[in-house]
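Protein chains: 2
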Amino acid sequence: MSSTPDDDVQTYIRAHRTPFLADLAEWLRIPSVSAEPDRAPDLLRSAEWLAAALKETGFPVAEVWPTKGAPAVFAEWRSDDEDAPTVLVYGHHDVQPAALADGWDGDPFEPVERDGRLYARGAADDKGQVFLHTLGLRAHLAATGRTTPAVHLKFLVEGEEESGSPHFLELIRERADRLACDTAIVSDTGMWAEDTPTVCTGMRGLVDGEVVLHGPDQDIHSGSFGGAVPNPATEAARLVAALHDDDRRVAIPGFYDGVVELTERERRLLAELRFDEAAWLRTAKSHAALGERGHSTLERIWARPTAEVNGIHSGYGGPGGKTIVPSRAEVKFSFRLVAGQDTAAVQRLFTDWVAERLPDGVRHEIRFWGGGTRPCLTPLDHPALRSLVRAMGRAFGQEIRFTREGGSGPAADLQDVLGVPVLFLGISVPSDGWHSVNEKVELDLLFKGVETAAHLWTDLAEDWRAGPWPAAPRPAS
Amino acid sequence: MSSTPDDDVQTYIRAHRTPFLADLAEWLRIPSVSAEPDRAPDLLRSAEWLAAALKETGFPVAEVWPTKGAPAVFAEWRSDDEDAPTVLVYGHHDVQPAALADGWDGDPFEPVERDGRLYARGAADDKGQVFLHTLGLRAHLAATGRTTPAVHLKFLVEGEEESGSPHFLELIRERADRLACDTAIVSDTGMWAEDTPTVCTGMRGLVDGEVVLHGPDQDIHSGSFGGAVPNPATEAARLVAALHDDDRRVAIPGFYDGVVELTERERRLLAELRFDEAAWLRTAKSHAALGERGHSTLERIWARPTAEVNGIHSGYGGPGGKTIVPSRAEVKFSFRLVAGQDTAAVQRLFTDWVAERLPDGVRHEIRFWGGGTRPCLTPLDHPALRSLVRAMGRAFGQEIRFTREGGSGPAADLQDVLGVPVLFLGISVPSDGWHSVNEKVELDLLFKGVETAAHLWTDLAEDWRAGPWPAAPRPAS
Numbered sequence: 001m002s003s004t005p006d007d008d009v010q011t012y013i014r015a016h017r018t019p020f021l022a023d024l025a026e027w028l029r030i031p032s033v034s035a036e037p038d039r040a041p042d043l044l045r046s047a048e049w050l051a052a053a054l055k056e057t058g059f060p061v062a063e064v065w066p067t068k069g070a071p072a073v074f075a076e077w078r079s080d081d082e083d084a085p086t087v088l089v090y091g092h093h094d095v096q097p098a099a100l101a102d103g104w105d106g107d108p109f110e111p112v113e114r115d116g117r118l119y120a121r122g123a124a125d126d127k128g129q130v131f132l133h134t135l136g137l138r139a140h141l142a143a144t145g146r147t148t149p150a151v152h153l154k155f156l157v158e159g160e161e162e163s164g165s166p167h168f169l170e171l172i173r174e175r176a177d178r179l180a181c182d183t184a185i186v187s188d189t190g191m192w193a194e195d196t197p198t199v200c201t202g203m204r205g206l207v208d209g210e211v212v213l214h215g216p217d218q219d220i221h222s223g224s225f226g227g228a229v230p231n232p233a234t235e236a237a238r239l240v241a242a243l244h245d246d247d248r249r250v251a252i253p254g255f256y257d258g259v260v261e262l263t264e265r266e267r268r269l270l271a272e273l274r275f276d277e278a279a280w281l282r283t284a285k286s287h288a289a290l291g292e293r294g295h296s297t298l299e300r301i302w303a304r305p306t307a308e309v310n311g312i313h314s315g316y317g318g319p320g321g322k323t324i325v326p327s328r329a330e331v332k333f334s335f336r337l338v339a340g341q342d343t344a345a346v347q348r349l350f351t352d353w354v355a356e357r358l359p360d361g362v363r364h365e366i367r368f369w370g371g372g373t374r375p376c377l378t379p380l381d382h383p384a385l386r387s388l389v390r391a392m393g394r395a396f397g398q399e400i401r402f403t404r405e406g407g408s409g410p411a412a413d414l415q416d417v418l419g420v421p422v423l424f425l426g427i428s429v430p431s432d433g434w435h436s437v438n439e440k441v442e443l444d445l446l447f448k449g450v451e452t453a454a455h456l457w458t459d460l461a462e463d464w465r466a467g468p469w470p471a472a473p474r475p476a477s
Numbered sequence: 001m002s003s004t005p006d007d008d009v010q011t012y013i014r015a016h017r018t019p020f021l022a023d024l025a026e027w028l029r030i031p032s033v034s035a036e037p038d039r040a041p042d043l044l045r046s047a048e049w050l051a052a053a054l055k056e057t058g059f060p061v062a063e064v065w066p067t068k069g070a071p072a073v074f075a076e077w078r079s080d081d082e083d084a085p086t087v088l089v090y091g092h093h094d095v096q097p098a099a100l101a102d103g104w105d106g107d108p109f110e111p112v113e114r115d116g117r118l119y120a121r122g123a124a125d126d127k128g129q130v131f132l133h134t135l136g137l138r139a140h141l142a143a144t145g146r147t148t149p150a151v152h153l154k155f156l157v158e159g160e161e162e163s164g165s166p167h168f169l170e171l172i173r174e175r176a177d178r179l180a181c182d183t184a185i186v187s188d189t190g191m192w193a194e195d196t197p198t199v200c201t202g203m204r205g206l207v208d209g210e211v212v213l214h215g216p217d218q219d220i221h222s223g224s225f226g227g228a229v230p231n232p233a234t235e236a237a238r239l240v241a242a243l244h245d246d247d248r249r250v251a252i253p254g255f256y257d258g259v260v261e262l263t264e265r266e267r268r269l270l271a272e273l274r275f276d277e278a279a280w281l282r283t284a285k286s287h288a289a290l291g292e293r294g295h296s297t298l299e300r301i302w303a304r305p306t307a308e309v310n311g312i313h314s315g316y317g318g319p320g321g322k323t324i325v326p327s328r329a330e331v332k333f334s335f336r337l338v339a340g341q342d343t344a345a346v347q348r349l350f351t352d353w354v355a356e357r358l359p360d361g362v363r364h365e366i367r368f369w370g371g372g373t374r375p376c377l378t379p380l381d382h383p384a385l386r387s388l389v390r391a392m393g394r395a396f397g398q399e400i401r402f403t404r405e406g407g408s409g410p411a412a413d414l415q416d417v418l419g420v421p422v423l424f425l426g427i428s429v430p431s432d433g434w435h436s437v438n439e440k441v442e443l444d445l446l447f448k449g450v451e452t453a454a455h456l457w458t459d460l461a462e463d464w465r466a467g468p469w470p471a472a473p474r475p476a477s
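Protein chains in written order, with the UniProt record's numbering: chain A, 1 to 477; chain B, 1 to 477.
Bear in mind the hints are in silico, worked out from the structure with no lab data behind them. Be careful, since some hints might not be right.
Incomplete in silico selection of chain B near chain A, CB under 8 Å [unchecked claim]:
| hint | residue |
| --- | --- |
| 1 | Pro-230 |
| 2 | Ala-233 |
| 3 | Ser-408 |
With the Cβ distance kept under 7 Å, some of the chain B side facing chain A (calculated, not the full set) [what the hints assert, rightly or not]:
| hint | residue |
| --- | --- |
| 4 | Ser-224 |
| 5 | Ala-228 |
| 6 | Val-229 |
| 7 | Val-240 |
| 8 | Lys-285 |
| 9 | Ala-288 |
| 10 | Gly-291 |
| 11 | Arg-300 |
| 12 | Lys-322 |
| 13 | Val-354 |
| 14 | Gly-406 |
These numbers come from a predicted model, not from an experiment. Think of the CB as a built atom: it goes at the ideal place given N, C-alpha and C, for glycine as much as any other residue.
Using the sequences plus the hints, can you model the full thing?
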């Protein structure tokens with residue numbers, strides 16, 4: 001009985017498991033903490049290490065791209081099938097700060113394999129999930145007998161993701177020609193649970209900023225003047241309170257215009273995920289669920305837009321009391337957006353809404369932190385998503401379910417600048433301890449990720465030949 | 001043609017004007033700043049100076065009363081008319097901080113007479129208004145030919161009013177026997193304007209404290225959890241916003257129960273005061289008037305209860321943004337109360353109202369800063385008030401109008417502990433610069449005050465003989 005491609009992939013991976021883990025450990029030993037300025041040499045060392053490893057894997061092109069901050073790594077390996085699609089894999093090689101003193105069981109930069117897990121800062125976020133592609137690609141070539149990948153492959157691995165990707169947009173705009181592709185695969189997310197492989201289909205967008213209200217020119221006596229002049233603390237509170245109606249829907253007129261609602265199938269699929277709300281609340285350090293009426297917690301954090309207040313500050317805040325009417329109030333706000341919403345439109349709606357709600361005698365300023373981050377969403381029937389689900393299904397031998405990501409990230413920049421759909425291939429699980437102590441990756445899942453990557457290029461190339469992919473959503477002008 | 005009592009008073013005052021001002025200047029040179037701990041010796045010196053001056057005036061009893069803070073001065077001079085009422089005069093001998101460097105035209109503790117004004121820290125607040133009684137009393141005796149005052153006179157001049165009177169309540173509770181009286185006259189307020197002599201008829205009460213809301217156990221990520229768990233900043237804002245309805249009335253059920261409404265006569269008298277709202281707004285450093293619908297600015301600050309927020313603090317307040325759901329929120333609040341409202345009842349109503357409005361998952365604490373200060377109000381037809389108005393009318397030769405005080409003060413403690421109606425005799429005007437630079441007193445008005453004080457004991461004793469005074473309001477049990 002001849003071996004199947006799946007068998008061949010598994011055999012190859014098993015045979016190369018030990019040196020792969022040794023190489024990954026070597027990379028994890030480089031403390032590439034982007035938040036710490038004196039780690040700049042480590043960031044460079046990490047980038048150079050990765051570029052060398054990609055060359056070693058077979059990439060004809062592997063370059064360290066400097067930025068105004070930490071360097072990124074770019075690599076390219078064209079398929080000998082000229083008609084194949086071009087796929088860009090995104091990840092990052094910087095890591096969160098970590099120190100033994102934070103409560104780690106051992107040196108966070110000395111990887112330890114124990115009980116089927118690899119412990120180290122960056123094991124899951126994101127070096128492990130970037131590095132799985134090297135073995136995946138070798139297995140892909142070995143199992144298919146190819147000398148080049150089945151797709152034109154590009155890698156972009158940035159060095160500032162843990163610091164908010166401050167130079168990423170500039171980088172991809174400047175290098176857009178070399179980054180041109182047909183789809184981008186973000187290799188920096190997770191799945192639902194150890195026993196529930198999932199694919200993330202989108203991230204929410206973000207519009208954030210602050211409103212500053214000015215009332216009296218200085219703090220004034222509340223006994224002499226209070227109740228007869230506007231109080232900016234009260235006005236800030238009325239503004240924030242008015243953001244939501246009694247159903248906890250965002251009450252800004254037009255806010256929901258264009259929102260892509262969940263389909264019946266999506267709602268059903270979400271509802272089928274085994275969701276333990278009590279456990280989720282423990283993770284959220286919260287004591288009750290509360291949100292838009294008519295939607296479940298998962299719908300609220302993944303598929304519904306929100307308005308949140310991140311801070312309010314006005315007047316006296318010291319011990320005891322001080323009978324003043326404060327001079328000013330500051331509100332920090334953030335909106336999460338979903339597919340169909342436009343960042344600029346939300347900024348406009350909010351700006352107008354605030355201006356209409358303030359009484360005479362209260363001057364205000366609104367500042368937004370940049371133009372915002374757009375939401376991204378890949379429809380469940382997108383052919384590239386189907387390819388990814390098929391590859392993952394081959395690796396996991398289980399039905400692949402769907403999640404979304406409530407946060408916002410550079411995926412939207414890839415979508416917008418490169419004009420391509422974004423897919424998410426992640427094998428990390430919530431217990432992996434991202435940004436926390438004792439970060440780890442489950443080795444079983446890491447190698448399922450390797451296996452998925454080995455199948456993915458074959459499946460994408462095959463599905464691509466069946467017909468062109470729908471265009472990615474473009475930013476509103 | 002024989003001289004009238006009014007002529008005699010004026011003659012006496014003119015004759016003793018120069019030494020009176022020299023004595024006052026000597027007292028003003030003592031920098032009795034209660035807020036500055038190293039001024040404690042000056043506070044004692046100031047108290048001893050005043051006790052000596054009162055003895056010099058004729059008081060058989062003049063004592064320095066120590067407290068846990070700065071000392072007070074007590075003096076007593078019984079009338080030879082045993083049936084006369086007992087009157088307690090209240091004032092304070094401590095002053096606000098002052099330094100040449102703050103922008104004074106000269107040393108704030110070196111009094112200067114210029115253009116009919118006496119400039120010095122404490123000239124109006126409150127040494128000038130306390131000391132006017134010494135010459136007033138001498139003129140009273142000289143013009144009536146009496147050897148004792150027409151009423152049993154007591155003086156209580158505290159030393160910590162500018163520091164919030166922290167030991168005043170304790171002092172008057174402990175010394176209630178010696179302070180027993182039929183009415184208290186607060187000599188620490190002002191009148192409407194240079195050309196509009198007025199009597200203040202009440203002060204508002206105060207209930208203040210803080211509400212602390214607890215949401216998530218720590219700040220959490222707004223992308224991952226926002227919109228699905230309660231946000232204490234939002235809940236604090238909803239609470240504050242709900243304090244007022246769209247008419248800017250306090251929306252706590254029962255809050256207005258028992259409020260003594262302005263009579264038609266009082267509203268008319270208020271409306272007749274020449275009020276320049278634009279000028280008032282400049283004093284308030286505010287850019288518009290806003291308050292309870294259906295009431296004028298003066299009604300709002302004098303005769304209507306209010307709810308004010310003195311501070312709100314929650315979440316991130318630094319530069320830029322931070323996408324969190326805050327863990328907690330603090331609201332500092334103060335209610336001003338008017339006659340008919342009870343401090344304990346308002347505390348109960350607010351406590352219940354807050355508890356009912358918070359969603360599951362938000363725990364809260366309410367703290368009040370003590371039991372609150374009760375409002376005090378003397379009805380326009382109270383016989384003692386009529387005596388004061390008559391005495392003042394004799395001095396000023398003009399119709400005396402009525403004001404109230406929006407703030408809250410120790411007057412309420414006198415009312416509550418001693419169980420007497422409180423009257424306000426003040427000759428200071430808004431331009432006197434209380435708590436500000438270049439504090440002064442208008443000498444014309446100061447001597448009208450002396451003249452009022454000279455008539456007041458005669459008028460009070462005469463009116464007292466016409467019948468007993470109504471009881472003072474008592475605190476609710």
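Consistency of the hints with the structure:
A cut of 8 Å between beta carbons decides the hint on B:Pro-230: the least distance to chain A is about 4 Å, and the hint holds. About 4 Å separates the beta-carbon of B:Ala-233 from the nearest beta-carbon of chain A, less than 8 Å, and the hint is met. Annotation: B:Ser-408 was flagged as interfacial toward chain A, and the flag holds, the nearest CB pair being 6 Å apart, inside 8 Å. Using the Cβ-Cβ criterion of 7 Å, the hint placing B:Ser-224 at the interface with chain A is satisfied: the shortest such distance is roughly 5 Å.
Taking 7 Å as the C-beta contact cut-off toward chain A, the hint placing B:Ala-228 at the interface holds, the least distance being around 4 Å. The closest approach between the C-beta of B:Val-229 and any C-beta of chain A is roughly 4 Å, which is under the 7 Å cut-off, so the hint is satisfied. Interface hint status for B:Val-240: upheld, as the beta-carbon distance to the closest one in chain A is roughly 3 Å, under 7 Å. At its closest, the beta carbon of B:Lys-285 sits 4 Å from a beta carbon of chain A; the interface hint therefore holds under the 7 Å criterion.
A least Cβ separation of about 3 Å between B:Ala-288 and chain A falls short of the 7 Å threshold, and the interface hint therefore holds. Annotation: interface hint on B:Gly-291 holds; nearest CB of chain A at approximately 5 Å, less than 7 Å. This hint holds: B:Arg-300 has a C-beta 4 Å from the nearest C-beta of chain A, less than the 7 Å allowed. Given the 7 Å rule on beta carbons, the hint for B:Lys-322 holds: about 6 Å separates it from the nearest Cβ of chain A.
Interface hint status for B:Val-354: violated, as the beta-carbon distance to the closest one in chain A is roughly 14 Å, over 7 Å. Interface hint at B:Gly-406: satisfied, since its Cβ lies 5 Å from the closest Cβ of chain A, which is below the 7 Å cut-off.
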